[in-house]
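Residue numbers (our numbering), protein chains in the order written: chain A, 1 to 511; chain B, 1001 to 1243.
Treat the hints as calculated values from the structure; they're not laboratory data.
One or more hints might be untrue.
Claimed, not checked - Mimicking DSS-like on lysine-lysine, the simulated pairs with C-alpha atoms at most 27 Å apart in a straight line are:
(1) Lys-54(A) <-> Lys-1238(B)
(2) Lys-119(A) <-> Lys-1026(B)
(3) Lys-302(A) <-> Lys-1238(B)
(4) Lys-123(A) <-> Lys-58(A)
(5) Lys-1026(B) <-> Lys-108(A)
(6) Lys-29(A) <-> Lys-119(A)
(7) Lys-1238(B) <-> Lys-58(A)
(8) Lys-1070(B) <-> Lys-93(A)
(9) Lys-58(A) <-> Lys-1170(B)
(10) Lys-54(A) <-> Lys-1026(B)
(11) Lys-123(A) <-> Lys-1026(B)
The model shown is predicted, which means the values in this text are computed figures rather than measured ones.
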Amino acid sequence: MAKATFEVPELSQYLDVPPVTPQTMAHSKPFVAKPEFQAPLGFPGELMDDWQEKALDKMGELLGRYRSLRVYLDSCVKCGSCTDKCHYYLGTKDPKNMPVGRQDLMRKVYRRYFTLAGKLFPKLVGAEDFTKEVLDDWYSYYHQCSQCRRCSVFCPYGIDTAEISMAAREIMDSIGVGQKYCNEIISKVYTIGNNLGLPGPALRDTLEGLEEDVLDDTGVAVRYPIDEVGAEILLVTPSADFFAEPHVDGLIGYGKVFHEAGVSWTLSSHASEAANFGMFIGSYENMRRVAQRIREAAIQLKVKRIVFGECGHAWRVAYSFLNTLAGPWDFLDPRYPVPQHICEFTYDLIQEGKLTFDKGENDDKVLTYHDSCNVARASRMGNTPGGQFEIPRAIIRATCNHFYDMDEDTIRDRTFCCGGGGGLLTDDLMELRVKGAKPRVEALNNVMLEKGVTHMAAICAICKSQFTKVLPYYGMEMDQIVSLHQLVSNAIVLTPTLDDEDDEEEAEEAA
Amino acid sequence: MSFLTVVYAYLYYFAALVLLAGLTFKVVQYARTPAPLKIPTTPAPTTRSGVVFRMTREVVLFESLFRGNKWTWIFGWIFHFGLFLVTLRHLRYFMEPVWLPIELVQPFGIYGGMAMVVGLAGLWARRFFVDRVRYISSPSDHLILALLIAIGSTGLLMKFVFHTDVVAVKSFFIGLYSFDPQPLPGDPLLLLHLFLVAALMIIFPYSKLLHAPGLFFSPSRNQVDNPRERRHIAPWAKRLEQE
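Chain A on its own, in the form it takes in the complex (with noise of 0.2 Å):
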């Protein structure tokens, strides 16, 4: 087991709601941006002398820019409905992490400077004035917040914290107070073209020996190719898919899965990342430009279709965001959704008959699955609401003989986030990671308890990280947690190329 410094919860059978508890993760705070990475993404280095009127300009900026920010700060009726589904107050007990408590933070200092009831009477209505208390209880709470959505779900008014968190975020970066892990990211895309900062030929090196290994494994030449101009296919995806375990896996699965396809396809050096941590700090002009890479290399390129690779808010960023960002896509193949997921390409397949499967191989698992927050609530695969849901699960079916899902309340649009999403992804941040990936665990513990299940599928970059590290706080083993493509390169029946039975015949001979 892992060790602690702070105390890890413990896994009980059933959801039970902790009694409130205030002020349990007011010591929380991620690592502050350090000024060389607040100005690439235009944001001043530091907190400014007159911060609260800047805060306050930005912040009506804002509520000009953003429906959703206005419409939330204004509707919410404090019915409780929301009070109950974060997965950080569940894991924490802090009240300032119920979404309605977060959201508040925000809430007490608009009304006080932007509604008449909160200029006349503040008191009344829970009005407050912008104080440093207030702006360090934000940064401390805005940042225990993983843009899940969970909260919009269970909403009358459908108000999501996210988009409240989002806007905190940018407000702070506007007067100077970052956070270090997103900001040092985007930083690394500008400057080398993924979140990893991983250089052309590293990329390319690592590719490489994935060919290599791939035909040590299965003695039939399957392609990773990067910067081909004329593939078909662009693949955008996360760059912890190019080492980080299971990620890899999964990259391995895509290219199997492109090979029995038959279709030519390449990476790009230039857009080397699926990720989008602008979505993160709420910045539409860092989202933006992040985002405009893809349309870039596409064009370099000169592919007819995109397809990204298995990572949650990625996927939101592209599928919701990506042509408003980035688009119009008419240079592109009509005949295809732009984006594509991966698995979308990979159920068409199956649908079509057109993989082979040797279920068998996975026989040593027995699996569920975890819907990452960002797939399940903020996007679509397939042409009917819910395909988010079913297309994900339908792949595990047809390559794997066991799987049983978790409980229903802890699935589909009622997931539980990993607890490592929106931009908490940081060491400086593991006592609210393990804490607020409790819920989740729970459900797994449970069905790995009942169902015998030994691991837990997903197809979000952030969550396979998130629990690699997790896991094993909770008693668990860290490669519990695989990756969707695994289960496909596991069990897919490769066609061997005319190169590969000419490299056989040859071995014949030799011998």
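Add chain B to chain A, keeping to what the hints say.
Frame of chain A, contents of chain B only:
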């Protein structure tokens, strides 16, 4: 004309003005503020008519609240449906002749009044007994419940215990249309009831009661899930492209 009648006439002109102007201002503000990104909470309808159906379920059945919390849902729904019936019943004071549907709804309006108070009492109890709801309640949340309960109870008291001259009340309101208010009965309960209703009208556009128009403008509920098929872009975002 008595002093009281004049005061109440002005009070109602003022309240109606604040309610209409305030709500119009907010609705125009909501409508004019762009929603730059597609953010429906999915699974979401892929067509306009699907969205109308989703919104109807939210407005009539409180679908999301039902999924969220059964107690709040049952009390909240009883209160709102009761209020709806009560409002329909009261329309008879504001029209001559009275439409047939309003005639027919009269007896149900009384049950509506009772349901409304029961629902409100349940909602208020939650503010005391559920620790999470207690934590998020500010004084105004309690006051609005008190106001609504007071409106409901004074109304029910006039129906069952201390009757007032409803014909005169009707003449008063009809008279307001032509700026010719007729004498308002001086019953204390009636005056209290009417004062509280005017107060409710005045605070409406400045309080959380904005949840009523707000729901219709909530992007997570009113957007069509079709971002790949149709390019959605706000005017201010379009300007970024031209730079």
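Of the hints stated earlier, which fail here? 6 and 9
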